Amino acid sequence: MSMPDSVAALDSLMNDGRPDTLPALLEAARTSMIELLSQTQVPPAAVRVTVGPVTIEMDWPAGAPEAATAPGAPAAPASAPPAKAAAQPAEGPALDHVHAPTVGVFYRAPEPGAKPFVSEGDTVVPGQQVGVVEAMKLMIPVESDRHGTIDEFLQPNGALVEYGDPLCSLVPADGR
Amino acid sequence: MSMPDSVAALDSLMNDGRPDTLPALLEAARTSMIELLSQTQVPPAAVRVTVGPVTIEMDWPAGAPEAATAPGAPAAPASAPPAKAAAQPAEGPALDHVHAPTVGVFYRAPEPGAKPFVSEGDTVVPGQQVGVVEAMKLMIPVESDRHGTIDEFLQPNGALVEYGDPLCSLVPADGR
Amino acid sequence: MFRTVLIANRGEIALRVARACRELGIRVAVVYSTEDTDSEVVRYADEAVRIGPGAAQASYLSIPAVVEAARRTGADAIHPGYGFLSENADFAEVCAAEGITFIGPPPDVMEALGDKSTCRALMADAGLPLLPGTLEPVSSPREAEARAAEIGFPVVVKAVAGGGGRGIGVAYSAAEFPTVFRETRRHAAAVFGDGRVYLERYLESARHVEIQVLADRFGNVVHLGERDCSVQRRHQKLIEEAPAPGLDEDVVAAMAEHAVQGAKAARYVGAGTFEFLYDGSGRFYFMEVNCRIQVEHPVTELVTGVDLVHEQLWIAAGHPLRIGQQDVVPRGCAVECRINAEDAGREFVPTPGLIDELTMPSGPFVRVDTHVRQGSRISVFYDPLLAKVTVWAPDRQRALARMGRALDEVRVEGKGLRTTTDFLHSVIDSGEFSTARHDTGLVGRLLEPAAAAEGAGVTAPSQVQEPPKAS
Amino acid sequence: MFRTVLIANRGEIALRVARACRELGIRVAVVYSTEDTDSEVVRYADEAVRIGPGAAQASYLSIPAVVEAARRTGADAIHPGYGFLSENADFAEVCAAEGITFIGPPPDVMEALGDKSTCRALMADAGLPLLPGTLEPVSSPREAEARAAEIGFPVVVKAVAGGGGRGIGVAYSAAEFPTVFRETRRHAAAVFGDGRVYLERYLESARHVEIQVLADRFGNVVHLGERDCSVQRRHQKLIEEAPAPGLDEDVVAAMAEHAVQGAKAARYVGAGTFEFLYDGSGRFYFMEVNCRIQVEHPVTELVTGVDLVHEQLWIAAGHPLRIGQQDVVPRGCAVECRINAEDAGREFVPTPGLIDELTMPSGPFVRVDTHVRQGSRISVFYDPLLAKVTVWAPDRQRALARMGRALDEVRVEGKGLRTTTDFLHSVIDSGEFSTARHDTGLVGRLLEPAAAAEGAGVTAPSQVQEPPKAS
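Protein chains in written order, with our numbering: chain V, 1 to 176; chain Y, 1 to 176; chain G, 1 to 471; chain S, 1 to 471.
A portion of the hints provided could be inaccurate.
To be verified - Listed next, with one range per pair, are the computed distances between beta-carbon atoms:
#1 S:Asp108 / Y:Pro156: 53 to 59 Å
#2 V:Ala173 / G:Glu176: 57 to 63 Å
#3 G:Glu183 / V:Lys137: 36 to 42 Å
#4 G:Glu183 / V:Asp151: 50 to 56 Å
#5 S:Arg182 / Y:Ser119: 52 to 58 Å
#6 S:Asp38 / Y:Gly113: 17 to 23 Å
By construction, these hints were calculated from the structure, which means they are not laboratory data. Being a predicted model, the structure only gives us computed values, none of them experimental. In this text, a Cβ means the ideal position worked out from N, Cα and C, and glycines have one as well.
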């Protein structure tokens with residue numbers, strides 16, 4: 001009876017039809033954040049929205065591009081880009097990452113000496129394998145979840161990785 | 001060995017010649033605060049300076065007189081008056097208070113039916129008795145520590161008072 | 001002794017095990033999910049490995065991820081805590097294959113005791129008293145109805161793979177039996193991946209009493225007395241205490257003797273718990289064995305002075321027991337309250353959220369086991385247990401007064417957060433509990449006094465049982 | 001039992017007494033100074049009366065203010081804690097005159113035992129072993145020199161009104177005796193308002209061992225075993241433990257028997273402590289009686305299971321003792337560390353300030369008595385004791401390991417704040433302490449190992465004693 005009741009806890013939050021289910025909370029927080037930023041004339045240095053168990057935080061470091069210092073105001077806070085730009089900053093292509101699906105040893109090729117699954121500069125599609133993580137002799141494929149171009153591998157072959165470690169950066173294809 | 005070593009503790013702080021004695025700490029905090037305020041172009045809503053055991057806090061509520069809102073800035077923080085003005089607010093005469101010297105019963109007269117030590121509107125000099133607090137049959141005199149005029153008694157005759165309770169308000173004489 | 005122990009758990013028990021390791025000079029490694037990145041035990045450990053996302057299935061329940069973490073940290077043993085992989089025989093087997101000591105009983109023992117049918121058969125052979133019921137699982141509804149009629153109502157339908165209060169349904173009459181039987185089977189199949197169930201007579205007015213045992217690899221077994229865990233809601237314990245109040249010494253001694261016999265028959269190794277139901281009139285019945293440290297182990301520690309986690313490590317390291325039965329001398333009374341992030345007013349629904357302010361009790365004869373602090377987030381992914389507050393006193397009356405004082409000091413504030421603190425206080429203060437006239441139906445009666453008064457007479461007020469739940 | 005108890009103290013002991021009162025259903029009133037307006041016990045109490053400014057002389061030491069607060073809150077008893085008015089016979093007399101029960105011994109007993117000269121005479125009559133010295137105070141320097149020469153150096157000069165390690169000077173030779181004598185007298189006159197001093201042989205290498213007693217109004221006395229408090233700096237205790245490690249059982253039994261005899265001879269009532277010096281070779285000498293609860297009482301509580309503050313209240317309410325000598329069965333080992341806001345690197349100078357971050361240890365067999373929390377201010381006006389961390393284990397080795405673990409969890413952060421935590425850890429880890437070969441000179445040797453090695457041989461390394469201090 002002392003078993004962590006995670007199934008029951010999740011059940012009750014996700015499936016009982018009350019408005020404060022997790023997806024609804026996330027949606028509410030995200031909407032609030034976007035609304036707030038679009039309505040704010042002087043851009044903030046930091047915004048944080050918390051709805052129950054969900055917290056979304058964004059901040060813009062001092063000295064960000066196009067900082068317009070108010071006359072007589074102290075150096076910080078600098079102006080932040082508008083909300084939409086925050087999701088896709090102006091300079092350079094946005095980078096996404098492919099993350100380790102579990103703790104284990106990361107390999108770029110299916111076996112020693114074989115050709116890597118992908119190389120830097122290759123384009124990938126959702127579900128395409130870009131590597132493998134070995135945990136206890138199980139080979140867990142590492143797959144891209146989007147269209148894009150492999151930018152750079154961030155972990156060498158044979159690296160010990162933990163769950164969620166970024167394995168390679170990836171330039172997403174437009175509009176995907 | 002379990003006796004509070006307050007004498008020793010005070011001794012070491014007050015008398016050992018190190019710069020972090022209490023008076024020095026107070027002085028340092030006060031100087032910092034004044035310097036800070038004189039150098040700050042956009043006035044803060046609140047300032048807090050802590051130096052070791054000493055903390056000085058000042059704040060100016062939003063909507064204080066002569067608030068000059070910076071263009072495009074959010075409504076708060078409002079501008080604060082210069083540091084010196086904060087010590088002597090402009091409107092009306094400043095009121096001081098005479099406080100209870102101990103816990104006990106407060107009486108305005110030396111005995112039941114007798115004339116009160118002083119009445120509202122009377123002028124008093126430092127050391128003049130304005131009342132008495134009885135604790136365990138001891139009669140502890142309540143004395144003014146300055147020149148001034150008794151404004152109003154804040155506790156009725158026979159009130160149970162604690163140490164430091166304001167007993168009457170007093171308009172200090174100029175320059176004292 | 002071990003050089004490095006990997007703790008394959010989270011929350012208060014992970015921290016409690018980590019403290020024991022530190023006290024023994026053992027290096028502490030822990031696994032954690034992304035939800036627990038800022039957890040107290042991650043800060044506390046010498047090494048921490050992020051093994052998966054919040055969902056336990058891909059982190060704390062992932063055997064490859066945990067074993068990988070053990071290899072990476074050079075752990076020579078794994079402490080599984082309670083819940084998660086702690087009673088998973090496959091996991092224990094994998095550990096053995098990898099040359100890592102699993103701190104718990106051998107895989108085959110865990111397997112035999114984890115299957116309620118083989119366990120009941122084993123214990124029946126060892127002479128332990130069982131409630132009337134089926135030793136084998138029943139699958140045909142028709143056969144089940146016939147057996148239920150033989151056993152007599154009320155009848156409880158239990159998942160073979162269940163345990164810890166989960167996978168249980170109660171039928172009060174032949175009319176409702178088919179529905180309860182069907183629903184419990186469906187639930188068991190969905191949750192445990194094993195739809196087998198068995199039947200047992202249901203005791204309406206019973207006390208839950210369990211015996212703590214310690215056993216080594218050499219066949220030595222001692223018991224550390226009993227715990228009474230009758231304050232339950234939906235078969236989940238809320239308050240536990242030692243000794244069991246109002247029980248005859250002879251009854252407890254017989255129960256303990258049976259537990260020792262059962263442990264020997266099962267070739268048990270490590271710390272384990274034999275759960276019994278006591279019917280209030282001198283008879284008791286074996287229920288199940290828990291092959292792990294229990295949430296409520298502190299009450300036994302406080303009355304016996306034996307650190308059960310130290311002894312788990314000692315036994316797992318291959319040593320013979322270092323305490324004999326004569327060394328176990330219970331003293332006074334200990335009571336534990338579980339402070340859960342749950343809303344007692346809304347059927348104990350978990351209330352996850354951020355803890356803005358936290359004060360835990362302290363001072364004389366109060367022990368607190370917690371993993372939260374100001375700023376902690378109670379995750380929706382895990383058990384809502386926030387803290388265990390355990391007190392000791394020379395007798396039960398003083399222990400309850402002390403618990404009242406301790407609960408008064410508890411303060412947990414946060415948006416949307418609710419805790420069981422006030423409800424626990426009302427249990428402690430209730431006449432039924434404070435005079436030890438309670439049974440496992442107490443919580444239901446306290447929550448719905450009107451319904452209880454209606455549904456039952458004064459002398460048998462325990463008929464109001466909560467209906468079987470899908471979770 | 002009392003309806004309302006006024007606690008005439010502050011800090012951890014005020015909170016500890018308040019908790020005991022709550023557990024007994026007694027209403028809690030406290031006094032406080034302006035410095036303690038936000039203190040934990042003020043929040044905790046049912047009623048709080050502000051009686052004066054920070055300076056204790058006008059608040060916690062003001063008899064009229066405290067008694068006024070007692071009358072105002074309707075208190076029928078006053079618990080004085082330790083320090084402040086706890087051993088003030090005048091205060092106890094005023095309480096009696098006002099019809100308020102003073103929780104402690106009767107005024108005349110306190111007066112006789114508080115005067116070191118009459119106390120020594122009384123205990124000599126009761127058969128307690130005393131160190132060679134003067135039973136009467138000596139005032140003439142010439143007479144003092146002659147008596148010192150008879151006693152043999154080193155000689156300790158002690159204020160008759162002193163106690164608790166204050167008002168003590170040590171002369172190692174006839175040459176330095178006149179200076180030490182003069183300075184100790186001057187200090188005693190200044191601090192205690194009583195310049196009388198007496199002389200005693202000074203034991204260079206000794207253990208401080210004390211016996212806890214409980215006595216009722218009917219002449220019944222029990223002892224609760226011993227505490228070893230040999231880890232001291234400048235005669236102030238830092239670490240205390242029970243039982244005294246390495247002491248022969250017979251020696252402790254004899255010491256306890258003497259304490260009981262002494263309590264009976266003095267007609268003692270309440271909780272009290274008889275302090276002894278043990279010379280390491282089987283001989284011990286009576287030093288003084290403390291007529292109050294001690295800072296270090298938790299170690300006795302953890303090994304005996306007796307709540308000393310509960311018993312104080314019980315006895316003060318006029319009941320006969322409810323525990324007999326046969327009920328006192330010590331179990332295991334308890335160790336207490338005093339976390340002080342002091343800089344061990346700068347001669348333990350107090351470091352007052354704001355606490356920005358605070359973590360106290362928790363978990364199995366750890367007790368914390370503290371009155372501070374995040375945001376608390378350590379005042380310059382009072383004792384720098386922040387917290388008492390006390391652990392229990394079946395034996396000393398495990399208790400020290402547990403204490404090491406607990407101290408590792410302590411975190412106190414604040415501008416300018418320093419604590420004794422790391423220093424205490426180094427004591428626990430030192431070979432001399434962990435093997436119980438230490439004596440009261442340990443702290444000096446740990447702080448100045450070079451000087452110690454130079455000033456003394458390996459077998460008698462305890463010559464480095466701190467010089468007499470003016471505070």
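Cross-check of the supplied hints:
Taking the beta carbon of each, Asp108 of chain S and Pro156 of chain Y are about 42 Å apart, not inside 53 to 59 Å as hinted. Taking 57 to 63 Å as the suggested C-beta distance range, the pair Ala173 of chain V and Glu176 of chain G conforms, at roughly 59 Å. At roughly 40 Å, the beta carbons of Glu183 of chain G and Lys137 of chain V sit within the given window of 36 to 42 Å. Separation of Glu183 of chain G from Asp151 of chain V is about 53 Å and conforms to the stated range, judged on CB atoms against 50 to 56 Å.
Between Arg182 of chain S and Ser119 of chain Y, the C-beta spacing of about 56 Å keeps the proposed range 52 to 58 Å intact. For the hinted restraint 17 to 23 Å between Asp38 of chain S and Gly113 of chain Y, the CB-CB distance of approximately 42 Å leaves it violated.
Hints 1 and 6, counting from the list given before, are not met by this structure.
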